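Asks: One-letter residues, chain by chain:
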Amino acid sequence: MLEIILQLVINGLLLGGIYALLSIGLTMIFGVLEIINFAHGEFLMISMYVTFFIFQALGIDPYITLVIIIPSFFLLGVLVEQVIIKPILNDPPLNQIFTTIGLGLIFQNLALLFFKADFRTVKTSYSSANIFLGELIVSIPRLIAFLLAVTIIAGLFVFLRKTFTGKAIRALAQQRRAAMLMGINVDKTYSIAFGIGIACVGAAGAILMPLFFVFPTVGSLFVLIAFVVVVLGGYNSLGGTLVAGLVIGVIEGFSGFFISPHLKEVIYFIMFIFILIFRPTGLFGRR
Amino acid sequence: MRSNFTWLSDFIMGHKKSFLAAAFLAILCIPLLPQNPFYQDLLIQVFFWATLASAWNLLGGFAGQISLGHAAFFGIGAYTSTILYLTFGLSPWIGMFAGAGLSVSVALIVGLPCFRLSSHFFALATLAFAEVLRLLASYWRGLTNGGVGLLIPHQVAFKNFVFEGKLAYSYVILAMLLGIFFVSYFLKNSRLGYSLVALREDQNAAESLGVNTNRTKMISLVISVFFTSLVGTFYAQYYAFIDPDIVFTSQISIQLALLSIIGGVGTILGPIIGATFLIPLDVFLRGWLGGVFSGMNFVIYGFVLICAVRYFPYGIFGWLKMRSDKFLTKSALVFSSPGAGVPVPDANEPCRQSTRCEKPLMMVNSISKRFGGLHAVEDLSFSIHEGEILGLIGPNGAGKTTVFNLISGFITPHSGSIHFEGRDITSLGHAHRFCKQGIGRTFQIVKPFQSMTVLENIMVGGFNRVRDVEKAREEALGIVERIHLSHHAMTQSSHLTLANRKRLELGRALATRPRLLLLDEVMAGLNPKETEDIIAVIRSLPKEGITILMIEHVMKAVMALSDRVMVISSGIKIVEGLPEHITKDKRVIDAYLGEAYNATAV
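Chains as they are written, first to last, in my numbering: chain A, 1 to 287; chain B, 1 to 602.
No lab work stands behind these hints, which were simulated from the structure alone.
Just so it is clear, the structure is predicted and the values come from calculations on it, not from any experiment.
Treat each hint with caution, since some may be false.
Short, incomplete list of chain B residues facing chain A, as computed with Cβ under 8 Å [what the hints assert, rightly or not]:
#1 Leu117
#2 Ala128
#3 Asn145
#4 Gly147
#5 Gly149
#6 Gly295
#7 Gly302
#8 Phe303
#9 Phe312
#10 Tyr314
#11 Ile316
#12 Gly318
Result set (DMTMM-like, lysine to aspartate or glutamate): computed pairs, CA atoms no more than 20 Å apart in a straight line [as the list claims (entries may be wrong)]:
#13 B:Lys359 x B:Glu456
#14 A:Lys264 x B:Asp424
#15 B:Lys436 x B:Asp424
#16 B:Lys573 x B:Glu378
#17 A:Lys116 x B:Asp424
Positions of the beta carbon are idealized from the N, C-alpha and C atoms, including for glycine.
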């Protein structure tokens with residue numbers, strides 16, 4: 001029994017690392033721009049397709065693709081922010097919500113148009129490789145995914161603490177008006193923050209590709225998890241998001257094993273609604 | 001051209017009843033028009049989506065609570081009636097209402113706590129809720145047959161809600177559409193309708209005017225969910241097949257919002273117009289592109305949605321209305337100059353003659369309020385006498401606005417008590433209850449209901465005491481004149497200058513017919529002439545039995561108006577007394593200018 005529990009914790013944590021990376025982009029965007037990016041999942045989907053086709057056409061390993069994905073998704077994010085998000089930043093919530101929903105609809109259905117509803121997957125040499133630690137099994141692609149996710153998140157932390165742009169982003173998240181008065185270029189910083197958010201979810205897509213299959217609506221599957229993680233993590237704390245990602249990963253593992261794999265989503269959605277209602281600042285939120 | 005138009009509108013107005021009857025009959029004939037099943041089906045789809053979108057709009061448009069989870073109630077309706085029919089042979093006509101009842105109960109349980117969330121998170125929570133139901137419906141095979149779905153046998157009978165051909169279905173769905181249409185219509189033009197829009201525009205301002213925002217949201221939720229659920233049953237009966245991915249999909253929820261937004265969100269006709277334009281377009285696009293370009297229609301939808309919210313925030317209906325408003329502004333001007341007989345707020349008070357009487361209207365007994373470690377208000381006691389004007393001054397951050405929030409019910413003190421007219425109102429809990437007691441207030445940062453006209457803004461206040469719309473309008477016209485906004489009565493409040501917004505803020509609070517009026521810096525930012533005007537209005541109020549507590553930084557106004565002045569600093573009362581004494585008090589000078597200043601001066 002103890003092995004089973006340990007095994008579930010390991011699997012959960014490994015999965016949780018990717019959830020955290022995926023969600024941290026959402027936290028970044030919400031924390032700084034104060035909008036919820038309902039198209040977040042679709043960026044994940046695009047990244048997965050890009051990774052898939054690069055692998056298919058050039059045989060480049062998904063993890064190496066990260067080098068291409070991260071900068072190009074950053075630019076994609078900046079572009080989307082400039083063209084679509086910027087004009088609605090001061091609009092009522094209705095406009096903000098349905099702008100990103102509209103964006104998601106476009107991406108999702110363009111994917112359907114081009115790639116049909118087929119499931120596609122990347123088969124690598126290590127796809128089903130494992131390490132054995134006594135009784136415990138650690139899947140190699142999951143371990144790599146976890147380590148990469150955590151490394152990227154750590155890099156982001158350092159960036160936010162040490163660089164001027166990083167500090168500007170944090171300042172903007174904490175006190176928009178004061179940041180403006182301190183001479184921070186708000187326009188540019190919003191774009192960068194959105195770009196970083198999209199780069200994170202792009203990276204998550206590439207890392208996820210060897211573990212999962214891609215199809216046009218894969219985004220909606222993951223984006224809901226990301227929402228849960230963000231809310232659990234307290235909306236605007238990156239550290240909280242990291243912890244919440246790991247927690248959700250573990251919960252998913254346990255509920256899948258002890259209750260039913262079909263109900264794992266139900267479990268964390270119910271958790272999600274309860275957190276929203278009873279602890280609206282999130283489990284790890286300030287205040 | 002114009003004279004022709006007026007003649008026509010006069011004629012229509014003169015024969016309003018006959019025209020309405022004729023229009024109604026014409027609508028009833030619509031289902032007879034299409035000659036082949038394809039067009040009959042198209043018509044049913046238009047009615048179907050128009051009904052759903054109208055139901056969504058009641059909550060999302062009128063009350064501004066954006067739900068992305070209406071599929072949940074659609075699905076509950078479809079599954080409840082179908083399961084009851086298939087297992088117990090219960091007629092879907094009855095099952096339909098059982099489903100609606102279930103939907104409403106679920107909505108009440110889930111909705112009540114969710115209403116505390118801000119818009120973005122309300123949307124998220126509803127989205128997640130519908131998703132939970134979809135997953136549960138897929139999982140719970142014993143009840144729902146899981147992903148395989150449920151099939152309704154084709155046994156034609158009225159009691160089975162199964163008909164031959166499509167005509168009967170189109171009448172059923174038309175009846176539902178007319179139902180939601182009339183409900184929306186009556187709601188929009190009732191006291192409740194004004195409350196809904198008010199709470200959408202600014203929840204705190206609505207509360208301060210006596211609107212029970214929670215109850216108002218609940219009512220719109222219940223009606224919205226009820227109709228959504230009925231249409232769910234209709235869907236099951238018409239298509240004779242349901243599965244979780246069809247009826248619980250978030251695509252339904254989004255489509256409803258989309259139709260409302262494109263047609264004109266928050267309007268009665270908007271969702272119907274949206275469905276009339278978009279559904280045939282959608283069917284056409286799917287037929288035309290579907291084979292080769294499946295998904296293309298949604299790509300177009302996405303573009304339309306993004307462009308609509310940015311460039312046409314009021315949708316097709318708003319655009320049409322803007323054009324027709326050019327005619328209406330003329331008649332509105334005539335309407336806005338009211339005749340004589342302006343009602344003055346009720347002055348059923350004994351204090352009318354004497355300017356001062358010493359009966360305490362409100363007694364505040366050592367209240368304290370902390371925000372984290374900050375003592376915003378500490379052990380503060382004071383009383384306000386009937387018919388007086390009490391000035392409340394103090395340096396920035398002294399806690400003046402917190403005092404207002406405490407005695408108008410926006411926050412509850414940690415300790416101490418507040419008595420109003422002898423009643424303990426400390427823990428009434430909600431601001432609207434304070435307003436009902438007779439405490440009106442304005443906000444330092446003005447909060448007009450932007451989409452409403454000046455007159456409508458004031459009417460929301462009037463509904464605190466009056467139920468009848470016409471009566472509220474009449475009273476509002478009187479108040480508009482008092483605050484010198486007559487020529488702007490029909491102006492949308494978002495177009496007002498700051499001075500006029502401040503006047504409106506005052507007028508709206510007056511309309512609630514307060515016994516005690518709390519004025520939070522109504523003169524800040526006004527020029528001397530505007531200040532004079534507003535001073536004159538305020539000065540006239542005590543004669544009508546309205547007692548005033550005002551926060552003001554314009555010293556001239558405080559000195560000219562106040563019978564007494566209270567000074568607080570760091571949440572503590574420093575001194576209280578006649579205006580001329582206050583200005584000479586050393587403690588006050590210390591608080592404002594700092595002790596160091598005083599020391600050097602001496």
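Asks: Now tell me if each hint is right for this structure.
Replies: Right, here's what the structure says about each hint:
Look at B:Leu117: its Cβ gets to within about 6 Å of chain A, closer than 8 Å, so that hint holds up. Evaluation of the B:Ala128 hint against chain A yields a held restraint, the C-beta minimum of about 5 Å falling below 8 Å. Hint on B:Asn145 is violated. Least Cβ distance to chain A is approximately 15 Å, over the 8 Å limit. The interface hint given for B:Gly147 is violated, since its Cβ lies 10 Å from the closest Cβ of chain A, which is over the 8 Å cut-off.
Because the closest C-beta pair between B:Gly149 and chain A is about 17 Å apart, greater than 8 Å, the hint is violated. The closest approach between the C-beta of B:Gly295 and any C-beta of chain A is roughly 4 Å, which is under the 8 Å cut-off, so the hint is satisfied. Evaluation of the B:Gly302 hint against chain A yields a held restraint, the C-beta minimum of about 4 Å falling below 8 Å. For B:Phe303, the suggested interface contact is upheld, since its CB lies about 6 Å from the closest CB of chain A, less than 8 Å.
Interface restraint check: B:Phe312 against chain A, minimum CB-CB distance 11 Å, threshold 8 Å, status violated. Of the supplied interface hints, the one on B:Tyr314 is violated, with its beta-carbon coming no nearer than about 11 Å to a beta-carbon of chain A, more than 8 Å. Nearest Cβ of chain A to the Cβ of B:Ile316: about 16 Å, over the 8 Å cut. The hint is violated. At its closest, the beta carbon of B:Gly318 sits 13 Å from a beta carbon of chain A; the interface hint therefore is violated under the 8 Å criterion.
With a CA separation close to 35 Å, the supplied pair B:Lys359 and B:Glu456 exceeds the 20 Å bound. Restraint check: the Cα-Cα separation between A:Lys264 and B:Asp424 comes to about 50 Å, which exceeds 20 Å; the hinted pair is violated. A hinted pair counts as satisfied when its Cα atoms are at most 20 Å apart, and B:Lys436 with B:Asp424 qualifies at roughly 14 Å. Between the alpha carbons of B:Lys573 and B:Glu378 the distance comes to roughly 9 Å, so the proposed pair stays at or under 20 Å and holds.
Distance hint between A:Lys116 and B:Asp424 is unfulfilled; the C-alpha atoms sit about 67 Å from each other, more than 20 Å.
Of the numbered hints stated above, those contradicted by the structure are hints 3, 4, 5, 9, 10, 11, 12, 13, 14 and 17, listed in ascending order.
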